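S.K.: Sequence:
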Amino acid sequence: MVMSGWHWFRYVIKDGPNQRERIEALRRIAGVLGLETRVEPAAGYASLHLWAPLGGAAIKADVAIRLVTNEAPTDAAEMPDAD
1 MVMSGWHWFR YVIKDGPNQR ERIEALRRIA GVLGLETRVE PAAGYASLHL WAPLGGAAIK
61 ADVAIRLVTN EAPTDAAEMP DAD
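Counting from 1, one number per residue, gives the positions in the sequence shown under our numbering.
These are computed hints drawn from the structure, not numbers from a lab.
Some hints could be false.
What the hints assert, rightly or not - Computed Cβ-Cβ distance ranges for the label pairs, DEER-style: (1) Glu78 x Pro17: 28 to 38 Å; (2) Ala76 x Ala25: 12 to 22 Å; (3) Val63 x Glu24: 15 to 25 Å; (4) Pro17 x Gly55: 29 to 39 Å; (5) Ser4 x Ala43: 35 to 45 Å; (6) Lys14 x Arg66: 14 to 24 Å; (7) Gly56 x Pro17: 15 to 25 Å; (8) Ala76 x Glu24: 27 to 37 Å; (9) Gly44 x Ala72: 31 to 41 Å.
Quick caveat, the model's predicted, so the values are computed rather than measured.
No residue lacks a Cβ here, since even glycine has one placed at the ideal position from N, Cα and C.
Input sequences plus hints: build the corresponding full structure.
M.R.: See the structure below:
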């Protein structure tokens, strides 16, 4: 049985002198992998949300982001499609 759905990651990036660069690095990696992102600004931080299909794409996204930016997701969840 192949499970379909999405893996969701959220990265909380605190305000600071390199916040914009950190967000852009995450977005560039997601773009190379063909993944969708959304940024939500808030007081004192920004949240970057990233979605990857369950399976290999989610693993590749997580590994690539950790290796290139040294960022780890603040939250993550699997969201299977409803059957």
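S.K.: Decide, hint by hint, whether the structure agrees.
M.R.: Outcome of the hint check:
1. Glu78 x Pro17: 28 to 38 Å: holds, 34 Å
2. Ala76 x Ala25: 12 to 22 Å: holds, 18 Å
3. Val63 x Glu24: 15 to 25 Å: The hint (15 to 25 Å, Cβ to Cβ) holds, given that Val63 and Glu24 are roughly 19 Å apart.
4. Pro17 x Gly55: 29 to 39 Å: holds, 37 Å
5. Ser4 x Ala43: 35 to 45 Å: Distance hint for Ser4, Ala43 holds at roughly 37 Å.
6. Lys14 x Arg66: 14 to 24 Å: Between Lys14 and Arg66, where Cβ atoms are some 18 Å apart, the hint holds.
7. Gly56 x Pro17: 15 to 25 Å: violated, 35 Å
8. Ala76 x Glu24: 27 to 37 Å: violated, 21 Å
9. Gly44 x Ala72: 31 to 41 Å: violated, 19 Å
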